[in-house]
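Residue numbers (the working numbering), protein chains in the order written: chain A, 1 to 324; chain B, 1 to 393; chain C, 1 to 501; chain D, 1 to 322.
One thing to keep in mind: the hints can contain errors.
Stated by the list, open to error - Distance condition first, Cα-Cα at most 27 Å in a straight line; then the derived DSSO-like pairs of lysine-lysine: (1) C:Lys190 - C:Lys82; (2) C:Lys264 - C:Lys194; (3) C:Lys278 - C:Lys180; (4) C:Lys398 - A:Lys17; (5) C:Lys278 - C:Lys335; (6) C:Lys132 - C:Lys58; (7) C:Lys190 - C:Lys58; (8) C:Lys163 - C:Lys113; (9) D:Lys10 - C:Lys120; (10) C:Lys380 - A:Lys21; (11) C:Lys113 - D:Lys10; (12) C:Lys342 - A:Lys214; (13) C:Lys180 - C:Lys193; (14) C:Lys264 - C:Lys278; (15) A:Lys324 - D:Lys4; (16) C:Lys120 - D:Lys301; (17) C:Lys380 - A:Lys193; (18) A:Lys22 - C:Lys393; (19) D:Lys10 - C:Lys368.
What the hints assert, rightly or not - So, partial list: chain A residues that the calculated Cβ filter (under 7 Å) puts toward chain C: (20) Ala23; (21) Tyr188; (22) Pro202; (23) Glu203; (24) Gln207; (25) Lys213.
In case anyone wonders, no lab produced these hints; they're calculated from the structure.
Backbone N, C-alpha and C define an ideal beta-carbon position, used for all residues, glycine too.
Here is how the chains run, residue by residue.
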Amino acid sequence: MSTNTAVRTKKSDEDKKLAFKKALSTAIPYLGLLILIVLFQILTGNFLTASNLEAIFDQGFTLLIASMAGVFVMATGNLDFSLGANAGFCCVCATLAATYIHPIASIPVAIIVGLIVGMVNGFAQTVLRLPSFIACLCMMFILTAATQSLITGSSIMMPVSMMFWETFARKLIFGIIYMAVMIVMFKYTRVGKELKTLGVSPEAARQSGVNVKKRIFLAYAITGLAAGIAGFWFMLRTGGAATTTGQTTTSDVIIAVVFGGMSVSGGASSKISAAILGTLIVTVLNNGMVMAGFGGDPQQLVKGLLFLLVIAVSTKRDPNVIIK
Amino acid sequence: MKKLLALLLALAMVFCLVACGGGNDEEPETPDDSQGETEDPGTDDGGETPAGEQKPFKYGFISWGTADEHGRTLAAATQWAVEAAGGEFVMDGSAVSAEQTIAAAENLIQGGCDIISFCTYAGEASVPQISKLCQENEVYWTMWDTTIADESIQEMINQDPYFVGTANEDQYSAGYDTMQKMAEAGATDVIVVKYGVNIPTCDDRCEGAYDAAEELGINMLYEIVAPEDYKAAMQNALVAYPEANAAFLAGSGTQSTAVSAAFEEAGKSDYVIGAFDYFDSMGEMLQDGSLKVINGGHMVTGTFTAVMGINAFFGTPLSEEKYSIVIPYLTLTSYEDYELYIEYASEGAAYTSEELQQNCFPVFNPDVTLESFQEFVSNWSIEDIAARKGAEA
Amino acid sequence: MGASTPVVEVKNIYKSFSSTRALQDVSLAVYPGEVRGLIGENGSGKSTLSAIISGNLKADEGSMFLFGEPYAPANSFEASEKGVSMIVQEQGTISTVSVAANIFAGRESQFCKLGILNSKKLSAEAQKLLDKVGVSDIKADAPVAGLSFEDRKLVEIARAFYKLPELFIVDETTTALPQKGRNILYGLIKMLKKEGKSVLFISHDIDELIEVCDTVTILRDGRFIATLEEGEMEAKKMKELMVGREVADNFYRNDSNCTCVADKPMLTVKDLSCGILKDISFELKTGEILGLAGLSDCGIHEVGKAIFGLLHRESGTVTVGDGTQIHTPSEAIKKRVGFMSKNRDTESMLISMNIQENVVLPSLDHLKVAGFFIPPKKEKELASEWCGKLNVKMRDLKQSCAELSGGNKQKIVLAKWLGNGSEVFILDCPTRGIDIGVKEAIYRIMEDLKSQGKSIIMISEELPEVIGMSDRILVMKDGRIVKEFDRGPELTENSIIQYMI
Amino acid sequence: MNNKALNIVKRVLLAIALPAIVYLILGIIRPDIYFSFNTLIMQLTQTMKLTLVGWAMLFGMSVGLFDFSVGSRIILAGLVGIHMSQFMGVIGFVLGVVVTSLILAGITGAAFAGLRIPSIITGYAMLLIFESIATIYQKKFTVIVTDNIAIFGKAPGIYVLTIVAFVLIYVVFNNTKFGYQIKAIGGNEAVARSMGIKAVQLKLLTYIVGGAFLSIAALVEVGYTGSVTAKTSMQSMQSCFTPMMGVMIGMNLASCNPVVGSFIGSFCISIVGSGLVALGIESRLQNVVVGLFLLVFLGLKGNSDRLSHLFSRKKKEAVNIN
């Protein structure tokens, strides 16, 4: 086999323009975050204080856990509608386990319940071949009904001893480990790489050795697991479980990930950093707008307009790609 | 690749900065050492600011949004008290779920609010968390429309020096009276409509209604819970229980039009509807008799919780212990009541700034006491508004 | 051919896809009543030219004239309105709607009066068209889903004949049609000729061209070579013009006998049946190139897919060298089997991902460190090693595959399987749509693989390629292996063709 | 000729089979309710309200678009209609609802087609914006539904409007160029594009035509419930799920075309709804029951080939199912 090296064609100016455009579209979310931080610092004066950063970390923590897993499913071009309801349901199960079995039991219970729900979602789509949208929608209805029937009164309290579990240091350590695991799993292991190929074309992935069914099943299992973990942290953060827990998480994840610059139809340009960045942007937005006094009606209007603006700027417009 | 690593490093570095609490910001204590003991500001307050001195403040109001009538009037009513006391009103209207209520509290506190108020429709389990947060940041807080069911929570927040108290309507008796008035108007078989699942205010009102029904021999046929389409749900209930001739709406009064439409289309003409939360077309319904009882006007809980919180902040708390005040409903049972309401209470503030200053804030009028304040609250009614507005005009 | 103005005239057309030049300075004129053949090797630019004339593609430079006036259709719809309609090999009907809806898709306005479409008139008109084309057994109201592949193609032909086309382009469609469909097509071409219309007939089947066409234009490497009139059309001459050098000895393999590195079978297929395939059995020895030849839908493509596990096998087994059976693609890949699909851009590679991601995909397991972590450095090494060995022309490893030429894409797929250390290669039309220069490089790579003891199953519809490269040839017809040939100097295309048809 | 008639009868029977079975099951459990005439009328009115929204979504869904901003658009159009009815009476109401509904649909469609973003995400963005506009706008005037504008939602009005909508949509969906072309795109968009169908413009058109039918649904909605209240934090999305499921049942009923199918799907949903109340189960579980019903329905349809394959295999006792 002749061992001549690959012929490197020189960079034509058309390639340069393409490279610049690509760099710009990855930089936009970072730029957006920077602009928001600077804007709110000017408007409120005490945005960049240590306690506010801690508040942002606390608020964004569960969204970070959920959206990092959400990226796995979105890389295949699907969406998991049952994510929020699953987190709420795991929160209820964890609280019940903590009160009736033992506080420590809440951790395994939350994770196992979340995993089981994720696997049922995966099973419905791979083996039973049900359309992903309907399967997740029904799972959402079922879980919401189950959560509401399990909770008596407005909410159930977790044991008082657990009030001091949630310290900033523990959350930070768990957060960094979780982020590291998810980033490695998405960028440096077969799981993430193969899920991205499913977003491009399942048939081509199948012919390159990707077990399509197993990978989709795994993606939903990971999201279920993350919902379980988020449910546990919801319990610690809200002191128990309520019927409204996790109600807006599904849409928050989708909005956060899109803000972070993820391509919604998945495929080659999906990136895990979109989840971290997107969570930061959404949390900074909510926090900053309230501090700057826009917490009333205009809050959702500004969020909607910014969301539209980010999408308009970041997605690349290829006329012949079929957009559903 | 390099960009992501840079981001992660920056993130970790910033938060480690926060974790060790170092750096230039003015909060000296670090988060972990503030859990145990809670210093009690109440007693040695003198050093910092002279007792009872009116100073500028920021008032944080947390709610589920201003889309519905109750949410909207509540925010406006709270603003009356805040402006009367010369403070700045800041709001977070995105708190739909439990975790968002906590996030809203954090955002408002970071925004420099000295006093916050919220409601526990999204679950009372998160109250201790907010209490811990307020203690750390020395922020006074009150709760409106809330009665704490769980004793352990009540006992926990009673030790929090920054918790001032709660203001709510006596939901139970309001439900009881409404059912009584509905019975007088001829209701015998009632369908209960709950606007939300496991919401304390809604469940307490129904409890009152059920007890009254038991005593008055009214049978409660069926409970519709948080339907998507009120009219369809009501129609289905009327089909399953044709004998029903009344509906008790435990909230979102605006759906009375849908419920009455369901009755009409089921061929019933003499039906009784009792509801909570005012809505625009209630006058018409009171006139044509389709609506017999409507409780509302309880937006002033926002005003009075603001009064309680502001007084505590000014250092002139109306009482050293935690206290809660009960606010009467403005119950309209006839078109005349409605006309009175429209003329005096519906536009603009029900109280002028002077009225609030004189009756609620010892800072402005030293001889305001807890009793006088409670008395002032208890005569909240349309006649009182009419008298005051009438006298003025 | 009258000397009147040509129906369609094309002057100095240039067209290139990023780095490959598909057409260079091609000029062509088709006169009324003429059936013009267009022939050339895969990648000679004949499909590109027909796509430009029919409005599917835009030329980079050059001009086109229809009856003398300038003609630049924005899309195929505009072209067909102007009388230039085309049928292609790929399937072009919508299965969920009726035959009539397919025929008039995009042209429904003529049946609409103030917005309301008269569906009875539409299906009547469609039925009339079907009868005119000679396919009256297909019902206009029937949904297309129920029709066979051939009937669906005939519906497409009827669609092209909704308005008698001035120029009717047939782009390698006959290979997809069984005999009945072909006769109908030939009948239509004669009818068009009689009506004074013109036809552009594209194929790489020389005998069919000689029989159907009046004149033939030959393209090679995107250049116009010659136009042969009535008398000059002779198979050998055309082939030489097509390939350029006389069928040079070293174009394919120069050794002329069946040499196998060792007798140990690397792959054994025993009475495999699935779909149209019936009881397929054969062995693939070490270092052997086994050619599968046959007409396009005789089952040779399905054999490749069935072995690799892409089709659900009804019965039969496929065992690798060490005796274990393989059922699914991932098992096959673990057992060092590689598959290169016929439709390259959609199946054998991930077009929107970059080169490195494509090359390392099947061999991620080998790059693992500590059981799960795949260091990017190892990925980079593997990709650049194999891209270097096959000397792929690329900017860098992060370049998206969509920007590469056909030949380079094929090399990437080969690099992918080599990276995985594959021993058995199933190559389905490896040189389809590749220009001549790179084709030779692919053949050299195949020879290298053979010398290293790798075994190759080469599925191809081009007989010269099969004969030139294979040690053993299995000829298939209607899903069965009908004949086996060994490599030898006396082996010619005619001796194989008779078993294929 | 007679086998054509037979074919139609067969298809109609098949179409009615589904609701008939559901009706029978619930009828057996509560005969006193189900076999009375005014119950049927009541269920039909509920179905009409659901179907009108479903029909508005049918165009988008048959080309594969899922748009959740429909709920917020009905609210905003209703509010504008009520506000204008206070100056110009019924004409103002109708004008307000129709024009606003078309404008909002145009904006959403332009955002989808112009920005090339998937319909679900456009729906999210527009939902956030329309909901907050409705919340702010609602404060500017008193929302009273006077009797003259409530006629559209009441008994005679709703029937008339539904019949008009049915005729219109039946023609538009089945007998127009637009109808043919969206079915072509829904079947196989790549081939449809090569046949010269301009897919992007047509998808924009599905938003606008959908917006027109949504205005009819909004006219009915205002009169039907007698009030319009804005919602925030994406709660208006909940009201899209039920009609969407009705349309999905309709689109998967092979025996009849989606327009009639959506009506039948919505009829099944409202029967299940009233059935649950009759059995004393919370009516909130309606979505759960209908969701499961749809899952089983799609599961059987999706795997029908494998199931029949499985059964035949059992008979032959053949080996190795891998």
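Query raised in the report: So which of those numbered hints doesn't the model satisfy?
Result: The structure breaks hints 2, 6, 7, 11, 15, 16, 19, 20, 22, 25; every other hint is satisfied.
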